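*Asks:* Sequence:
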Amino acid sequence: MPHSAQRIALDLQRALQDLKQERERTRVLMAELDQQNRELDRLRSSVHRESNSRLLAEEALDETRDRLQLAVDAARLALWDWQLPSQQVFLTARWGEMLGDIAMEGDWDTRGLLDRVHPDDLARVEAEARPLLQGQQQHAVSQYRVRTADGWLWIESHAMVAEHDTKGRPIRLMGTHADISERKRVEAQGERARELAEQASRAKSEFLANISHEVRTPLNALMGLTRLLMDSPLNPEQRSWLHLMDSSAHALLALLNDVLDLSRIEAGKLRIEQAPFNLHDTLNEVSALYAEQARAKPIDWALQIAPGLPLQMLGDPGRLRQVLGNLLSNALKFTPRGGRIRVSAQALSAAGTGQRLLRLQVQDSGVGISPKQQATIFDAFTQADASTARRFGGSGLGLAICSRLVQLMDGDIDLQSELGQGSTFTVTLPLGEPAVADPGALSGSVELSGVAQADQRFAGLCVLVAEDHPVNELLMNQLLQRLGCTVRNARDGDRAVQQWSQGGVDLVLMDVQMPGSNGLEATRRIRELEIQRGLPHTPIVAVTANAMNGDREACLSAGMDGYTPKPVGPQSLMHAMDDALRRASEHPAHGLLAEPAPEAGQHTPATAGAIDVNKLRRRLDGDETTLRQLAQAMRTDLTERLLQLQAALRSQDVHLAIAHAHGLKGSLGSMTAERGALLSKGLELAACSRDWKLFERALPLMQAEAQQIDAALAALLSEPPAA
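Anchor point for the sequence shown: position 374 equals 373 in numbering that gives the first Met the number 0, and the numbering is continuous, going up by one each time.
If you're looking for bench data, these hints aren't it; they were derived computationally from the structure.
Heads up, some of the hints might be wrong.
[Stated by the list, open to error] Okay, the calculated beta carbon distance ranges per label pair:
{"id": "1", "residue 1": "G105", "residue 2": "Q34", "range": "56 to 62 Å"}
{"id": "2", "residue 1": "Q135", "residue 2": "D108", "range": "21 to 27 Å"}
{"id": "3", "residue 1": "Q135", "residue 2": "S180", "range": "27 to 33 Å"}
{"id": "4", "residue 1": "R48", "residue 2": "L9", "range": "40 to 46 Å"}
{"id": "5", "residue 1": "T625", "residue 2": "G189", "range": "42 to 48 Å"}
{"id": "6", "residue 1": "Q35", "residue 2": "Q82", "range": "33 to 39 Å"}
{"id": "7", "residue 1": "L414", "residue 2": "A349", "range": "42 to 48 Å"}
{"id": "8", "residue 1": "Q135", "residue 2": "P699", "range": "53 to 59 Å"}
{"id": "9", "residue 1": "G105", "residue 2": "G134", "range": "43 to 49 Å"}
{"id": "10", "residue 1": "S584", "residue 2": "E186", "range": "56 to 62 Å"}
Model, not experiment: these values are computed from the prediction.
We put the beta carbon where it would ideally sit given N, CA and C, even for glycine.
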C-alpha cells in the first residue's frame, strides 16, 4: 500500500513536470505563431503598397501618354517607327489623313512612300537619309513634297536613331511628319513681296534719275545765267537780287543732292572713297564758306585746329565736307544774331586699339534740342519740332544723311544739347594718309573770279559743245569764250560727229541725253573713226544731268575722258577740262593703222611669230579675198577692244573687262595669233578674279603683242593680190 502511494506520488510529480514542459513548449509555439502572424501582416502590407505603387505608376504612365498624344494631335503630327532592316514603316492615322487617304494607323511599304516623293526632291531626301541609315548622324530634318489625292503637300520630316545593335549600327528609326504647306505659302509670299520691294526700289531709283535730269537741266541754266548776269554792269539792288537768286539755286541744288544721296544710301549704292587728302585745307575751305555768312548775321565764329592734328588724312574728302557743311549750315540756321559758333578739330587715340581718330566738334549757342526730340533728330524728314520747317526752312534730310555718311565712314556722331542752351555735335572718324582734296562748292562771285584768274591755259582751244538745250548751250558758250576758247555747236549726236569730222576740234563737251544719236553713241562713233583713220585721241568730257550712281562709269566706258554733272559751275568745268586734256596727253596714239607697213616678204622675227599666215590661208582654203577682209576687220576689232580694256581698267569694270578679253581671245585664236590669244586669256582670268594689279601688268604686254599682230596684218594687206 505504501509502496503504491509512493508510486502514485512519483507519477504525479512526473506528470506535473511534463505539463510544465508542454506549457513552455506551447508558450514558445505561441510566440512563434505571433511572429509568423506579424511577418504575414508585414508581407500583406508590402504587397498592398507595391500594388498601389504599380497602380500609381500605370496611372502616371497613362497620363503622360495621354498628354503626349494630345500634344501630337494639337501639333497635327504623324508619328512613324521603322524597325530596320524591315521594309515596313509604322505610321499613325494622321499620315493617312494628311494624304487624303483612310485615317488609320498601320504599316506602309518604304518603296511606296518613296514613290510619293516629288521627283525634284527625291535625290535630296535619299541623300539626307543616308547618314542616318549608315550611323553617321543621330538626327536629321528634311523638307520635301509628297503626292496626295489633291496634289502636292509640303511636309517637314524629323528623324532620329532610337536603337543601336551591339556594334553601334542603327536598328530602329523614329520621327514625325508635319504639314508645312502653309509655312511654304507664307515664305513664297514673302519672297514675292521682297521681289516687289526690289522692283519698287529700282522704280524709285529710275524715277529719281529722271527727276534729277529734268531738274538739273533748267537749274543749270538758272545758275549759269545768274553768274553771267553777276559779271555784267549792275546797280546794287540788282546785284543783291542776283545774289539771292544764286543762293536759292544753290539751296535747290543742295536739296536735290540730299534726296539723291539718301536714295543711294538706302539702296546701299553710295560708295565711300579712300583717298589721301589735305585735312587742314579741307577744314579751312569748308569753314571759309560759312564764316562769311556768320559775320554777316552777325555771329561770333571761330575755327580751332589743335596742335598735332595731321596735315593729311585718308578718307573721302567730299563726304567729309558734306557732313561738316551740313552741321555748320544747321548751326548758322538755328543760332540767333549775336550768338557764337565754334568749330574744333583734334586727333585722338582710340582706347585699347591705338588707332588714331579725328574728332570734329561743331558747338553753337542756338535754340537747342530737347531730350525727347534728340531721340529722332537723325531720322530722315525729321525736324526738331513741327514749327521748325516753317520758322527756319529745311527738309529734315541733313542730319539723317550726316549720320548715315559717318556710319559708312566707320565713324560715330553724337549730340549733346539742351533747350535754349545750344547744341554740340561731335563726329569721330578714323585718321589716315596724304593728298589733295577737290575744290568744294563755291558761290557765284567766287567762281567767276576763278574764271578771271584761269590764266591762258585754255586760250586758243577749239571746243565742240554738243548740247540740245539752247539756254545751256548759251551758258557753255559764254563760259568757254571767257576762257579764251573758240566754240562750235551741235544740237544732237549726229551733228556732233559731223562737226568733229571736219577737223580742228581740240576738246568736246558732250551732253549725254540728246535727240537722235545720244552722247554715248556719238562718242563711240568718234572713237571708231579715230581708229580707222589713225587720228590722235580727242578729249571728250561728259556734261550731263545724269548724276545717279553708275552714270560716270557709263560715260567713261563709252570712251569719254572726263565727267561733270549739271548744274555745271566754272570751277568744275575747268577741272573736268584739265583732267580730260591730261588723260588725252597720256593716251596711246591710235597708231596701229598709221604705222608704216613693212614691205612684202619682210618680217621681223617678232612679227613673223605674231600670226601664222600660212596656217590661216589653209583654214580659208587659199581664199585671198576673205583673208584680206578678215585682216582688215581684225585690225579694227583689235584696236577697239584694247581701248575698251583700258576703259575697263580705269573704271575697274569687271563685266566690260571680261567681255572684251574673252572676245579678243576668240578672234585672235581664229586668226592663229596664239600668243595674243594666251595673253587675252590671262586678262580674262585676272578680270574674273578682280585682280586689277595683275590686269594692269598684263595689259601692256597685250598692247605690245597687238602692235606686232597689227604689223603682221598690215604687211599681209600690203602684199599685192595673187594673180
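*Asks:* Could you run down the list of hints and mark each one as holding or not?
*Replies:* The hints, checked one at a time:
1. Our hint of 56 to 62 Å for G105 and Q34 holds, since their Cβ atoms are close to 59 Å apart.
2. The hinted window of 21 to 27 Å between Q135 and D108 holds, with their beta carbons roughly 25 Å apart.
3. Between Q135 and S180 the CB atoms are about 30 Å apart, so this pair conforms to the stated range of 27 to 33 Å.
4. In this structure the supplied range 40 to 46 Å is violated for R48 paired with L9, their Cβ-Cβ distance being about 58 Å.
5. Distance hint for T625 and G189: a CB-CB separation of about 58 Å, inconsistent with the stated range 42 to 48 Å.
6. In this structure, Q35 and Q82 break the distance hint of 33 to 39 Å, their C-beta atoms being roughly 51 Å apart.
7. Between L414 and A349 the Cβ separation comes to about 21 Å, which falls outside the hinted range of 42 to 48 Å.
8. Separated by about 54 Å at the C-beta atoms, Q135 and P699 satisfy the suggested range of 53 to 59 Å.
9. Checked against the given bound of 43 to 49 Å, the beta carbons of G105 and G134, roughly 28 Å apart, lie outside it.
10. Separation of S584 from E186 is about 58 Å and conforms to the stated range, judged on CB atoms against 56 to 62 Å.
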